[in-house]
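Note that the protein sequences, when read in sequence, are chains A and B.
With my numbering applied, the first sequence covers 1 to 112.
With my numbering applied, the second sequence covers 113 to 219.
Everything labelled a hint here was simulated from the structure, so no lab data went into it.
Please note that a few of the clues may not be correct.
[As the list claims (entries may be wrong)] Below 27 Å or equal to it, Euclidean Cα-Cα: the simulated DSS-like pairs (lysine-lysine) are: (1) Lys71/A x Lys9/A; (2) Lys57/A x Lys14/A; (3) Lys57/A x Lys9/A; (4) Lys206/B x Lys9/A; (5) Lys71/A x Lys57/A; (6) Lys206/B x Lys71/A; (7) Lys166/B x Lys206/B; (8) Lys206/B x Lys57/A.
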Amino acid sequence: NAGVTQTPKFQVLKTGQSMTLQCAQDMNHNSMYWYRQDPGMGLRLIYYSASEGTTDKGEVPNGYNVSRLNKREFSLRLESAAPSQTSVYFCASSESGPYGYTFGSGTRLTVV
Amino acid sequence: GIQVEQSPPDLILQEGANSTLRCNFSDSVNNLQWFHQNPWGQLINLFYIPSGTKQNGRLSATTVATERYSLLYISSSQTTDSGVYFCAVKGFQKLVFGTGTRLLVSP
Numbered sequence: 001n002a003g004v005t006q007t008p009k010f011q012v013l014k015t016g017q018s019m020t021l022q023c024a025q026d027m028n029h030n031s032m033y034w035y036r037q038d039p040g041m042g043l044r045l046i047y048y049s050a051s052e053g054t055t056d057k058g059e060v061p062n063g064y065n066v067s068r069l070n071k072r073e074f075s076l077r078l079e080s081a082a083p084s085q086t087s088v089y090f091c092a093s094s095e096s097g098p099y100g101y102t103f104g105s106g107t108r109l110t111v112v
Numbered sequence: 113g114i115q116v117e118q119s120p121p122d123l124i125l126q127e128g129a130n131s132t133l134r135c136n137f138s139d140s141v142n143n144l145q146w147f148h149q150n151p152w153g154q155l156i157n158l159f160y161i162p163s164g165t166k167q168n169g170r171l172s173a174t175t176v177a178t179e180r181y182s183l184l185y186i187s188s189s190q191t192t193d194s195g196v197y198f199c200a201v202k203g204f205q206k207l208v209f210g211t212g213t214r215l216l217v218s219p
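Pulled out of the complex, with its shape left as it was, chain B reads as follows (with noise of 0.2 Å):
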């Protein structure tokens, strides 16, 4: 099945900090998407987004689909952005999840 692999597993920021976070994944899909997981445990729909580049204020994700990978960058970071971010991709009919980036912003 499709693998999923994201980097880095921890992140550290400081306030107003910019980030990278990457997913890269194993073959070809037709939906990719990165959610949010705040500390309560909700799952939020950051973007859908297969391929190109999509923005929403401070946060914007970018995906080749052709290399196989998928970049969220978050700028000028505030503590409410900490939590865990995943990658989740699917292939035939089953969306996949990374083990998520794991980020903390310290104020």
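Bound-form chain A, shown alone (with noise of 0.2 Å):
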């Protein structure tokens, strides 16, 4: 099925540990996007990728860094995991300009 597909679904860490989440679409999408679900609150953009070769930051991007790997493919690594990135991310996809976005289902990450 098309769609965009996150690795791992669930994920717990120690403090100062990291680990590379892992999304990649099969929809040929040219932009994609990481953000962060926190409770009661909407998503939060943490990096996108406008285009292959692209990557900026979004609004909270502090303690990430992200890699475009090819067009399909986008991950997002904490070099030293924080309790306070406890969170649900997820990976989005979309086609340059006014177009929807497609999500992942997600990475529940828990810091400890």
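Bring the two chains, given one by one in their own frames, into a single complex with the hints.
As structure tokens, this is what we get:
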């Protein structure tokens, strides 16, 4: 099925550990995004990639890095996880311009 | 940046009732979407509706871009409609989400 695939679905980290969240889309979209969702809040943009080879910061980029590996894949890395990064992370993709977004099913991350 | 406000924040309905959810936004947008986040956390794209009216079964949406608001109508609500409804708008490059309307439909 066409869509956005995120891995892993769940992860528990200890403070200071690192990990990479993976995202891949098979819709040939140019733009990809990473959002986080905290309890009682909407989604906030961490980083986005408007096209292959470019990345830009969103609202809450501190503590994260991203890599647009190719047109299909956009990864999010936590170099030194902190409890404040406990959240649900969503990856999304869209065509460039005024088009709708498609979201992955999310990664629930807990940092203890 | 663009501000997105949704109302009401919480809504409780009996099964079979109708409801209207509202989204106000502060600036011109070229992209507006409504999402349903189900109790399992999955975000489901309901409508892409930068202007005009669309219908999909019991759900319909209207966006009046010149007046900077959008409405989501749910008719004959069912328990499976429960969850959080998000409005999200896009200005220049990024999609900005409202804080959502939490809907509970009781049998």
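How the hints compare with the structure:
| no. | hint | in the structure |
| --- | --- | --- |
| 1 | Lys71/A x Lys9/A | holds, 22 Å |
| 2 | Lys57/A x Lys14/A | holds, 25 Å |
| 3 | Lys57/A x Lys9/A | holds, 24 Å |
| 4 | Lys206/B x Lys9/A | holds, 24 Å |
| 5 | Lys71/A x Lys57/A | holds, 18 Å |
| 6 | Lys206/B x Lys71/A | holds, 18 Å |
| 7 | Lys166/B x Lys206/B | holds, 23 Å |
| 8 | Lys206/B x Lys57/A | holds, 10 Å |
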